[in-house]
Amino acid sequence: MKKEDFVYSLDNERYYDLDDILEQVDEDTEFVYRGVKNPYAHSDFIDGKAIIESITNGAYDASDEYSENYISHLEEKGKDYHLVIERLISEYLNKTVPQPDFFRVEKVEEIAMSELR
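The numbering used here applies: residue 1 is where the sequence shown begins, and numbers increase by one.
Incorrect hints may appear among the rest.
Said to hold, decoys possible - In the EDC-like style, the derived pairs of lysine to aspartate or glutamate whose C-alpha atoms are separated by at most 20 Å in a straight line are:
id, residue 1, residue 2
1, K77, D47
2, K2, D19
3, K107, D17
4, K79, D47
5, K79, D101
6, K37, E53
7, K49, E75
As the list claims (entries may be wrong) - Label pairs and their calculated CB-CB ranges:
id, residue 1, residue 2, range
8, D5, F45, 19 to 27 Å
9, E91, A62, 51 to 59 Å
10, K37, Y66, 49 to 57 Å
11, R14, S54, 27 to 35 Å
Read the hints as simulated data drawn from the structure, not as lab findings.
Note that the Cβ used here is the ideal one computed from N, Cα and C, for glycine as well.
Using the sequences and the hints given, assemble the complete structure.
Spelled out as structure tokens, the structure:
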């Protein structure tokens, strides 16, 4: 694993790269947390089923039962229309917006300061 794949923390809540954590430690610091940085992507936050449900609910709020068949074919069992919606939105965001600059941290372990220096 590359060095830049790791992030470090003093409290196991906020994680930083190695240079930043080394600026935060003092001579009393015995250990830090090290984890693997796993970046988010736009697709992690797109829920096609929720989008279909939101459209359906909006139509119902506007026209009650008159809208009950509106886009109902998108909810057919065995059909993956929600995946098409997710892909289209993801492709659009990938072309127009930078990927998220935040991340989740996995495989966290305590490591001694002597291993960092």
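Tested hints:
1. About 17 Å separates the Cα atoms of K77 and D47, which keeps this hinted pair within 20 Å; it holds.
2. Of the pairs offered as hints, the one joining K2 and D19 holds, with about 15 Å between alpha carbons and a cut-off of 20 Å not exceeded.
3. With a C-alpha separation of about 16 Å, the suggested pairing of K107 with D17 holds against the 20 Å cut-off.
4. About 15 Å separates the Cα atoms of K79 and D47, which keeps this hinted pair within 20 Å; it holds.
5. With a C-alpha separation of about 33 Å, the suggested pairing of K79 with D101 is violated against the 20 Å cut-off.
6. Distance check on the hinted pair: K37 and E53 sit about 33 Å apart at the alpha-carbon level, beyond 20 Å; violated.
7. With a C-alpha separation of about 8 Å, the suggested pair K49 and E75 falls inside the 20 Å cut-off, and the hint holds.
8. Remark: the range hint 19 to 27 Å for D5 to F45 is upheld by a beta-carbon distance near 22 Å.
9. Our hint of 51 to 59 Å for E91 and A62 is violated, since their Cβ atoms are close to 29 Å apart.
10. Checking the proposed 49 to 57 Å range against K37 and Y66 shows it holds: the Cβ atoms sit about 50 Å from each other.
11. Restraint check, R14 to S54: a C-beta distance of roughly 33 Å satisfies the suggested window 27 to 35 Å.
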